[in-house]
Structure formats: structure tokens, C-alpha cells
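The lines below spell out each chain.
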Amino acid sequence: MDLIANHITHRFGDLAVLDDVSFTVSAGEVVAIVGPSGCGKSTLLSILGGLLLPTAGAPELRGAPPADSLNPLTFVFQDFALLPWANVEENVEFPLLHAQLSAVQRRALVDDALRRTGLTDFRKTYPKQLSGGMRQRVGISRALAVKPAILLMDEPLSALDSQTRELLMEDFVRLLADGGMGAVYVTHNLEEAARLADRIVVLSRRPGRIREVVSVPMTRTERGEIAAREKLLALQNQIWSLIRNEAIDAEREVQHA
Amino acid sequence: MLDRAPAGTSAKDEVVRRVRFRGAGFVPASSRFGGWIALALVIAIWQAAGSTGFVNPLFLPAPSAIVRAIYQLAISGALWQHLSASLLRIGVGWLLGTAAGVAVGFAIGLSRLARSVGITFISALFPIPKIALLPLLILWLGIGEEPKIATIALGVFFSTAISVYSGVDAVPRNLIRMAQSFNVPFATIVRKVVWPGALPAILAGFRITSSVALLLVVSAEMIGAQYGIGAFVLQAGNLMQTDQLLAGVVILSVFGLMVGRVINWLEIRLLHWR
Chain R
1 MDLIANHITH RFGDLAVLDD VSFTVSAGEV VAIVGPSGCG KSTLLSILGG
51 LLLPTAGAPE LRGAPPADSL NPLTFVFQDF ALLPWANVEE NVEFPLLHAQ
101 LSAVQRRALV DDALRRTGLT DFRKTYPKQL SGGMRQRVGI SRALAVKPAI
151 LLMDEPLSAL DSQTRELLME DFVRLLADGG MGAVYVTHNL EEAARLADRI
201 VVLSRRPGRI REVVSVPMTR TERGEIAARE KLLALQNQIW SLIRNEAIDA
251 EREVQHA
Chain H
1 MLDRAPAGTS AKDEVVRRVR FRGAGFVPAS SRFGGWIALA LVIAIWQAAG
51 STGFVNPLFL PAPSAIVRAI YQLAISGALW QHLSASLLRI GVGWLLGTAA
101 GVAVGFAIGL SRLARSVGIT FISALFPIPK IALLPLLILW LGIGEEPKIA
151 TIALGVFFST AISVYSGVDA VPRNLIRMAQ SFNVPFATIV RKVVWPGALP
201 AILAGFRITS SVALLLVVSA EMIGAQYGIG AFVLQAGNLM QTDQLLAGVV
251 ILSVFGLMVG RVINWLEIRL LHWR
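In order, the protein sequences belong to chains R and H.
So that you can map any letter, position 4 of the first sequence is 4 in my numbering, and since no number is skipped, the others follow by simple counting.
So that you can map any letter, position 74 of the second sequence is 74 in my numbering, and since no number is skipped, the others follow by simple counting.
Be aware that a few hints might be false.
Away from chain R, derived, C-beta distances all over 12 Å, residues of chain H [unchecked claim]: (1) V19; (2) F21; (3) G25; (4) A103; (5) L175; (6) I176; (7) M178; (8) Q180; (9) I189; (10) V193; (11) P196; (12) L199; (13) S219; (14) Q226; (15) H272.
Below 25 Å or equal to it, Euclidean Cα-Cα: the simulated DSS-like pairs (lysine-lysine) are [what the hints assert, rightly or not]: (16) H/K12 x R/K124; (17) R/K128 x H/K192; (18) H/K192 x R/K147; (19) R/K124 x R/K147.
Now the in silico label distances, taken between C-beta atoms and shown as ranges [as the list claims (entries may be wrong)]: (20) R/Q129 x H/G91: 33 to 43 Å; (21) H/L39 x R/S162: 46 to 56 Å; (22) H/I268 x R/S22: 46 to 56 Å; (23) R/A99 x H/I37: 26 to 36 Å.
Just so you know, these hints were derived from the structure itself, not from any lab.
The model shown is predicted, which means the values in this text are computed figures rather than measured ones.
Don't be surprised by glycine CBs; every beta carbon is placed ideally from N, CA and C.
If we strip away everything but chain R, and leave its shape as in the complex, we get:
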């Protein structure tokens, strides 16, 4: 199943946020969206996931989702969005409650998702008892439980410290390794984009337009090797040179707001 951004334009009142953004995320592909602050990255993701109606254009799906997918487009949120009154197991089970599944089937899906994210021993723990990294693991586990075709990740690591970020990045690389699941990964962190994405969509300052789409010429496994670091750094510098001036302008605009 492919996800298509078809000429998406969006305005919040008089404020133009996105202008004619078009690209396609093919099945199993990971596309990162980067750009200066306020360029509409998160707005674009909300539109792609059907949580926000665009002013013009539309998000579209091409092809059928995998037969076992209960929610083909599934979000992983920056702030985790966990139910504080539910424990880990209940949080992961939450999106399955309305699906036509027996208790045994639900249990199997929850167990599998918890196992894949290393949360099996924490199933009765409440979110407030977990660290930020573990909370995001619950968010990822919840997303995996519905067997998504495409993960929509909105800066999933930005609320975490650098060591936890590194650990979760390794988890993402592992989860996306087999190519069975695609992703749209919104981030302001160019290193994350270069580590994870097959292609990087660079947006301009508001209103966000596509400035360039950069392909990453390595497999994700190769990117973990020391020899690849120089190439990845060069790629990050290339992208940074595309957005640096606009990032400075965006920062000044925020300070004057």
C-alpha cells in the first residue's frame, strides 16, 4: 500500500502553512520530513493520517493494505499519548478493543507487541512509573499491535535524552529492517533522518513547500557501520545547507512573535 500526498495545501485562517506538497511513500519505504521550525511538518503528518482536513489537495492510499492490518496508518506521537489510568498492557490493548477480535486473539497481539518492544516484564506498570524512553516504547508497542502498513511518527524521539534516543533509534532500525512496514518520520534532527530514511523530503520555511527530495544511498544496515559515518555526515551537511538560512529566519520569527 502506497501513501500519496496529492497537492496538499493548508491554511490556519490567514496563515498559509503548506503549499502544494506532493510526494509518495511506497510500501515498505521510510520517508523522513525535515525543515525549519514552523514549516508545517507535523501539520502535514496530521493531514496524511486523516486527523486534519487540508484546505486543498488530499492524502490518498494506493493499493490494499496487508490483510492482517487493523489500522494501516498508525501514529507514534511525540508526547507518547498514553492513557495515564491504564497500565502498559491496557494501553497496548486499547486500539484492539473495538476490533472484531476474541480475547485470545487480542491477548496474542498484545503479547507479540510487548515482546517486540521488550516490555513483557512491564505489562502491569503504569505510565507514570516509566521513564520517557519506556513510555515511548509503549507508544510503539501500541502501534505495532494493530499491524500497521505505514507508521506516522511525529518527532517520536524529541522528548527523550540522547542516550535513550540512540537506543530507540536502534529499535526503529530493527523494526523497519524487514521492509514489511513503511514510515513517515517527521523530525528536526537530521542525524535521525539520515539514519532511518530511504528518502528525505526537505520542506521550505512557511508556507512549507518541497525544496528537495534527497535519497539516502545506503541500506539501513550499512548505515550502522563505522565506514558509513562520513557519508551520512556529508548527507546531513548537504541537507543542513539547504535549510540553514531559513532555520535562522524561522528562529528569529519565533523570538519576535
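Guided by the hints, dock chain H onto chain R, whose structure is given.
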């Protein structure tokens, strides 16, 4: 530079002094027995003032006289007669007002139409002292229990509705968006996200409405009832039986404390995740 060393002295010659602790106070904590000790102290002083004749018992009977009055009320059966009448009015009135308030509060919190209509009416009617409506309610409903119960229900309804829709408004939007992103149906979002998310505000509202109900039952009974704690307190006042009057006040206070305890227990049970 505050810590600059004077010229010509080496670091090891200087006097070492401990950094003064400046972080005391401004912590919202209380000592475990402080409140009880203070209460016991006040009662002891009050008792001493009464026993020594320092205070005229007609104006302020000693605590022992109040306890005696409560005991006599209990063994005569009058306590239960008055208390049961008040409890019935409070119970029915509170339940009716709470049920309507929760339903309307959720409607306002979840529906744009209900919000625009409901908030206008609530803003207009909430400030009215509900006891002022008792004569009108007597006219409508007769002189039995109904107008008193309706007065309590009205008072409870408005506070409940406001606390419920405020609670619904305070449910983090990201949780609702999360549920929507998983295609969770509206009813399940209300049941599994909005209801538990609004529960802290709803329980806080219960604390307020229980006090409102107590206030209104006493007021209504003082205006038009033969039995009930309010009627008893008024009768005792008219007959200058201040020990009986204060016995009624103590019973009201104990009732308020017990309701507070029940709500505390509910909060511990239902909001353990906080």
C-alpha cells in the same frame, strides 16, 4: 565577583566555610498530628471556660453539655427522626441533581450545540441562590418533600454540570486524537478516554456539591419542615436550647466530614493512577 580571593593569599590559607542552607520552607506539607492536637487544645480550653463559669452556658455551652445533648437525642430516638428526614432529602436531591448534572455536563463537553445552548442557560441560572426558589417550588410541587428535594437537586445540578464540562474540556486533546487515529468509535472514546480523564474534576465537583446539598437541606428545613436537622436547629434556637442547637451543628459537621471521607476513599480507589 563574589568569591574572588584577595590578592596575595594562596587558596590553601583561606578559611573553609560551609554553604548556608537556604532552601527551607514553602513546602505544602503538614505535621501528622498537628491538626488533632490543635483541635483537642481548643476543645479543652472551651471546656475549661465553660466549667469555670468564665463563659455563660446559655451563649456557649461547654463541649460536655453538647455531647450530653447528642446522647439524649440519640436515646430518645429524636436524632434518628431528624437525621433520617435530612438524609432522605439530601440523598434523593443529590442523586437527582448529580445524574442530571453529569448528563448535561457531558452533553455540553461533547456537543457544540449543547455547549452553545447549555452554557448560556447555566451562566444565567447558576448565580441565583437556589433557596430563593423554594417558595416557587412549593407553589409548583406542594408542601411535601418534593420542593425541598427539588431545591437541593437544583443546587447540585448546576455545580455538577459545570465541574463535569470543565473536566471534559480538560481531558488532554492528544489522547482523543490518539484514539481517533486508531478509529476508536465515539462511544468508546467517551467511555475509555473522556470519562476517566474527566473523573478527577467530577470527584472534585462531588466534594463541592455535597456541601451545597448540606447547606440547602438545612436552609430548606429551616423554612418549611417539621423534621430534619435544620428544623431541629431552628426549634432549639427559638427555645434558647443552645446545647441542642450546637448538638445539631456538630451532627452536621460530622456528616460533612463523613461525606468528605467517602469522597477521599473514592479518589484513592478510582484515581490511583495519578
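Consistency of the hints with the structure:
no. : hint                       : verdict
1   : V19                        : 29 Å, holds
2   : F21                        : 30 Å, holds
3   : G25                        : 27 Å, holds
4   : A103                       : 22 Å, holds
5   : L175                       : 6 Å, violated
6   : I176                       : 9 Å, violated
7   : M178                       : 4 Å, violated
8   : Q180                       : 6 Å, violated
9   : I189                       : 10 Å, violated
10  : V193                       : 7 Å, violated
11  : P196                       : 5 Å, violated
12  : L199                       : 8 Å, violated
13  : S219                       : 38 Å, holds
14  : Q226                       : 47 Å, holds
15  : H272                       : 8 Å, violated
16  : H/K12 x R/K124             : 56 Å, violated
17  : R/K128 x H/K192            : 18 Å, holds
18  : H/K192 x R/K147            : 22 Å, holds
19  : R/K124 x R/K147            : 22 Å, holds
20  : R/Q129 x H/G91: 33 to 43 Å : 38 Å, holds
21  : H/L39 x R/S162: 46 to 56 Å : 54 Å, holds
22  : H/I268 x R/S22: 46 to 56 Å : 54 Å, holds
23  : R/A99 x H/I37: 26 to 36 Å  : 58 Å, violated
Of the numbered hints stated above, those contradicted by the structure are hints 5, 6, 7, 8, 9, 10, 11, 12, 15, 16, 23, listed in ascending order.
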